[in-house]
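Based on these hints, arrange chain B on the given structure of chain A.
Chains A and B supply the protein sequences, listed in that same order. Residue 183 in the working numbering sits at position 183 of the first sequence, with consecutive numbering throughout. Residue 58 in the working numbering sits at position 58 of the second sequence, with consecutive numbering throughout.
Since the hints were derived computationally from the structure, they do not count as laboratory data. Just to be clear, a hint being listed does not mean it is correct.
[What the hints assert, rightly or not] Here are the computed lysine to any residue pairs in the SDA-like style, where the Cα-Cα straight-line distance is at most 20 Å: (1) Lys42/B / Val27/B; (2) Lys13/A / Arg23/A; (3) Lys46/A / Val27/B; (4) Lys46/A / Leu24/B; (5) Lys61/B / Thr100/B; (6) Lys61/B / Glu77/B.
[Unchecked claim] Calculated from the model, a selection of chain A residues having no Cβ within reach of chain B, i.e. all distances over 10 Å: (7) Thr15; (8) His19; (9) Phe84; (10) Leu157.
Bear in mind the structure is a predicted one, so any value in this text is a computation, not a measurement. Where a beta carbon is used, it is the ideal one built from N, C-alpha and C, also for glycine.
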Amino acid sequence: MTPSATKPVIELKVTAEDHRIARYAAAAIALTVAEAAIPTPLPGVKPGLANIVVLLVLLRHGWTDAAWVSLLRVVAGSLVVGQFLAPGFFLSLTGAVLSLGVLALAVHLPRRFFGPVTLSILAAFAHIGGQVLLARLWLVPHDGVFYLVPVFATTALIFGIVNGLIAAHFERPGTPTESQQTTP
Amino acid sequence: MRRHPSLWLALLRPGDWVTIVFSLALVGVSYPLLWQSGSAEKAVIRRDGALVAELPLTINKKIEVDGPIGRTTIEIEPGRARVLSDPGPRQYCVRQGWLTRPNAIAICAPNHISLALTGPANSANHNDSVSY
Chain A
1 MTPSATKPVI ELKVTAEDHR IARYAAAAIA LTVAEAAIPT PLPGVKPGLA NIVVLLVLLR
61 HGWTDAAWVS LLRVVAGSLV VGQFLAPGFF LSLTGAVLSL GVLALAVHLP RRFFGPVTLS
121 ILAAFAHIGG QVLLARLWLV PHDGVFYLVP VFATTALIFG IVNGLIAAHF ERPGTPTESQ
181 QTTP
Chain B
1 MRRHPSLWLA LLRPGDWVTI VFSLALVGVS YPLLWQSGSA EKAVIRRDGA LVAELPLTIN
61 KKIEVDGPIG RTTIEIEPGR ARVLSDPGPR QYCVRQGWLT RPNAIAICAP NHISLALTGP
121 ANSANHNDSV SY
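In isolation and in its complexed conformation, chain A is listed as follows (with noise of 0.2 Å):
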């Protein structure tokens, strides 16, 4: 039993693209575990920070680095705080699916009228929208729920507004802030 040269060797490929798309999805991971030790009045009230990031790789690389850094994230940032497979991590995928669904029509906007903000806000809806209704199926089989989306929208609309205002922050060229920005 010598061990030989000749052994198969695995060898995944990682390109600059993984790298890049890997390097985001920290962030937005990140994000989700600071969130995550911010206090909540309620369950899904909370500010949804790595919507920036899936925002900026949307607006920067397009919408297949986007889903995978925000599935990357709903996945990765749920192992980190002990959520996954649990009611929480349902509902977070539901949202960032549906939010991700509405971003691939939204970015079809005409750039120049609808920024990151609307995007934002868009997504915003569609994540809390996509939760209440897993929520009403699922977990809380009754009409109840629906009681608490006004406080939903409103969050939803303010951290919607917000994100993307960020989100367009960083995106923006040229901004005094990002003097050598080295988008590709």
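Leaving out everything else, chain B in the frame of chain A:
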């Protein structure tokens, strides 16, 4: 990382304003739409499930109903009703206080008496009961 407040506004494009205004309207509408459960119209008092009295919530009135272990007093005021006193040992129905919403119910189980509020007849609310 500093950005002057006015420069943040510069990040908004015309369509963004449209989205914001439209969303605000949508959120604004969602409050009355989802938070109104109609006002309660009638108080329904039952003993052993049988109707004792059905009164509109427009008057001031006290009603006494005798049950197996004593007398339960129910007080009705415009828009609300409560169990004022009850011989039950734990006083759950009394401590529930004023009922104001349609389908709210206070049950004095030991004395077999219940007080329920009903909404408009055409109300879309078909819950058996809701307690707050």
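### Message
For a C-alpha distance cap of 20 Å, please report whether Lys46/A and Val27/B respect it.
### Response
holds (17 Å)
### Query
Closest CB-CB distance from His19/A to chain B, is it above 10 Å?
Correct as stated: the minimum Cβ-Cβ distance to chain B is 25 Å, above 10 Å.
### Task
Decide if the proposed pair is consistent with the structure: Lys61/B and Thr100/B, CA atoms, cutoff 20 Å inclusive.
This hinted pair holds, its Cα atoms lying about 16 Å apart.
### Query
For the pair supplied as a hint, Lys42/B and Val27/B, is the alpha-carbon distance within the 20 Å limit?
Roughly 32 Å separates the two Cα atoms, so the pair is violated.
### Query
Can we confirm that no CB of chain B comes within 10 Å of the CB of Phe84/A?
holds (32 Å)
#### Entry: Hint consistency between Lys46/A and Leu24/B [alpha-carbon to alpha-carbon, up to 20 Å]
Since the Cα atoms of Lys46/A and Leu24/B sit roughly 19 Å apart, the hinted pair holds (cutoff 20 Å).
#### Entry: Distance restraint between Lys61/B and Glu77/B, which requires alpha-carbon spacing of 20 Å or less
holds (7 Å)
### Task
Confirm or reject the statement that Leu157/A sits farther than 10 Å, beta carbon to beta carbon, from all of chain B.
Given that some Cβ of chain B is not farther than 10 Å from that of Leu157/A, nearest at about 5 Å, it is violated.
### Task
Quickly compare the C-alpha distance for Lys13/A and Arg23/A to 20 Å and report which way the hint goes.
Since the Cα atoms of Lys13/A and Arg23/A sit roughly 17 Å apart, the hinted pair holds (cutoff 20 Å).
### Task
Classify the label on Thr15/A as holds or violated, using whether its beta-carbon is more than 10 Å from each beta-carbon of chain B.
holds (31 Å)
Checked against the numbered hints above, the structure violates hints 1 and 10; every other hint is satisfied.
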